[in-house]
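Undergrad: Chain by chain, the residues:
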Amino acid sequence: MTKRDYLGEFEHIVVLAILRLNDRAYGVTVRQEIEARISREVSIGAIYATLDRLEGKGYVRSRLGDPTPERGGRSKRFFQVTAKGLSAVNQTHSALHSMAQGLHLIRSTS
Amino acid sequence: MMSHSSPVPPPQLAAWLMDMFSPHHQAEAIPGDLTEEFSGIAVQYGVVYARRWYWRQTIRTIGHLFGGGFRSVRLLISVLGAGLLGICGIYEILQRYQVYFYIHPHAFWVIYTIVIAFLIPMTMGFLAAIIAKGKEMIAALTLSLLVGAPGALGLFRFLAQWNDYRFHSPIVAVLLATTFVSPAAIMIGGYVSRKVRPTPTA
Numbered sequence: 001m002t003k004r005d006y007l008g009e010f011e012h013i014v015v016l017a018i019l020r021l022n023d024r025a026y027g028v029t030v031r032q033e034i035e036a037r038i039s040r041e042v043s044i045g046a047i048y049a050t051l052d053r054l055e056g057k058g059y060v061r062s063r064l065g066d067p068t069p070e071r072g073g074r075s076k077r078f079f080q081v082t083a084k085g086l087s088a089v090n091q092t093h094s095a096l097h098s099m100a101q102g103l104h105l106i107r108s109t110s
Numbered sequence: 001m002m003s004h005s006s007p008v009p010p011p012q013l014a015a016w017l018m019d020m021f022s023p024h025h026q027a028e029a030i031p032g033d034l035t036e037e038f039s040g041i042a043v044q045y046g047v048v049y050a051r052r053w054y055w056r057q058t059i060r061t062i063g064h065l066f067g068g069g070f071r072s073v074r075l076l077i078s079v080l081g082a083g084l085l086g087i088c089g090i091y092e093i094l095q096r097y098q099v100y101f102y103i104h105p106h107a108f109w110v111i112y113t114i115v116i117a118f119l120i121p122m123t124m125g126f127l128a129a130i131i132a133k134g135k136e137m138i139a140a141l142t143l144s145l146l147v148g149a150p151g152a153l154g155l156f157r158f159l160a161q162w163n164d165y166r167f168h169s170p171i172v173a174v175l176l177a178t179t180f181v182s183p184a185a186i187m188i189g190g191y192v193s194r195k196v197r198p199t200p201t202a
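For the record, the sequence lines run as chains A and B.
Under the working numbering, the first residue of the first sequence carries the number 1, and numbering increases by one thereafter.
Under the working numbering, the first residue of the second sequence carries the number 1, and numbering increases by one thereafter.
Among the clues, some could well be false.
[Unchecked claim] Computed Cβ-Cβ distance ranges for the label pairs, DEER-style:
{"hint": "1", "chain 1": "B", "residue 1": "Ala184", "chain 2": "A", "residue 2": "Ser94", "range": "48 to 54 Å"}
{"hint": "2", "chain 1": "A", "residue 1": "Leu103", "chain 2": "B", "residue 2": "Arg56", "range": "46 to 52 Å"}
{"hint": "3", "chain 1": "B", "residue 1": "Ile188", "chain 2": "A", "residue 2": "Gln101", "range": "39 to 45 Å"}
{"hint": "4", "chain 1": "A", "residue 1": "Ala36", "chain 2": "B", "residue 2": "Ile93", "range": "57 to 63 Å"}
[Claimed, not checked] One side of the interface only, derived from the structure: several residues of chain B facing chain A at Cβ under 8 Å:
{"hint": "5", "residue": "Gln26"}
{"hint": "6", "residue": "Gly32"}
{"hint": "7", "residue": "Glu36"}
{"hint": "8", "residue": "Thr61"}
{"hint": "9", "residue": "His64"}
{"hint": "10", "residue": "Met187"}
Hints were generated in silico from the structure; no laboratory data involved.
For each residue, glycine too, the CB sits at the ideal point set by N, CA and C.
Full structure from sequences and hints, please.
TA: This is the structure in structure tokens:
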């Protein structure tokens, strides 16, 4: 396994958001999903910069939807995780799990 | 929150900036996403809040795109940046040791060479703006900053020594031109290539 098969922290979050959203994944929904799940306000620019990078690596693919009036007549760009992207998520999870094994990371409530 | 339509448009200047700086392949998606969310936020939290939100998103998004654009033409910009710093260094040495005084008959040609050296990055900026495709405007902005920043510093230095130079009006014209014309030309190059690009497809 090469170093490039791992996802960065934000890449990981974005890919998981796309997987959660299934066929409804585009900029707005990905941003809102991340905000709702991890309470982290991100800009649409950060999302697209990451999606661009992921698409360049072949981890996601995109297609243009139809233009809609509430978007000022502009199209949505829908994203989908590829098999290579799914494999990268699994490898990243596996690596993180291996590294965390045996460590007491759960914060004490006392 | 996503599908409401609102009669209130996003802030015009911010929307224009987004249109201008969105890369080619995301020229539909990014401004469209922002407009869609703006409508929802305006309905839910009010227009004032939505406008603030839109501006905040615009500034942060342009920052991200700018960083992405810089990375996409990193080598070219590094070479240009190093070249410009070198030119500034040579110019500073010429000034400090009063080389013009010792080579007075050729002083004009020294300045002329420096001006030509400024024209080279300007021309390369044009080329970068045209060939950089999706990142053309961001590349143009980055290049214009690289050319403009040392130019502005040189102009500031020149104005501080105004008394020594005020009678040399051709030199004044040349300095002003190299300060403002090169970055402006790079920006115009980016704008032109942006306007003539084809419509993105799926």
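Undergrad: None of the hints should be skipped; say for each whether it holds.
TA: Evaluation of the provided hints:
Checking the proposed 48 to 54 Å range against B/Ala184 and A/Ser94 shows it holds: the Cβ atoms sit about 53 Å from each other. Separation of A/Leu103 from B/Arg56 is about 38 Å and departs from the stated range, judged on CB atoms against 46 to 52 Å. Between B/Ile188 and A/Gln101, the C-beta spacing of about 58 Å breaks the proposed range 39 to 45 Å. Between A/Ala36 and B/Ile93 the Cβ separation comes to about 58 Å, which falls inside the hinted range of 57 to 63 Å.
A distance limit of 8 Å between C-beta atoms decides the matter here; for B/Gln26 the minimum to chain A is near 6 Å, and the interface restraint holds. Interface restraint check for B/Gly32: the shortest CB-CB distance to chain A comes to about 3 Å, inside 8 Å, so the restraint holds. Because the closest C-beta pair between B/Glu36 and chain A is about 5 Å apart, less than 8 Å, the hint holds. Interface hint status for B/Thr61: upheld, as the beta-carbon distance to the closest one in chain A is roughly 3 Å, under 8 Å.
Because the smallest distance between the Cβ of B/His64 and any Cβ of chain A comes to about 3 Å, under 8 Å, the interface hint for this residue holds. Below 8 Å, beta-carbon pairs count as interface contacts, and B/Met187 has none with chain A, the closest being about 20 Å; its hint is therefore violated.
Violated hints, in rising order: 2, 3 and 10; the structure is consistent with all others.
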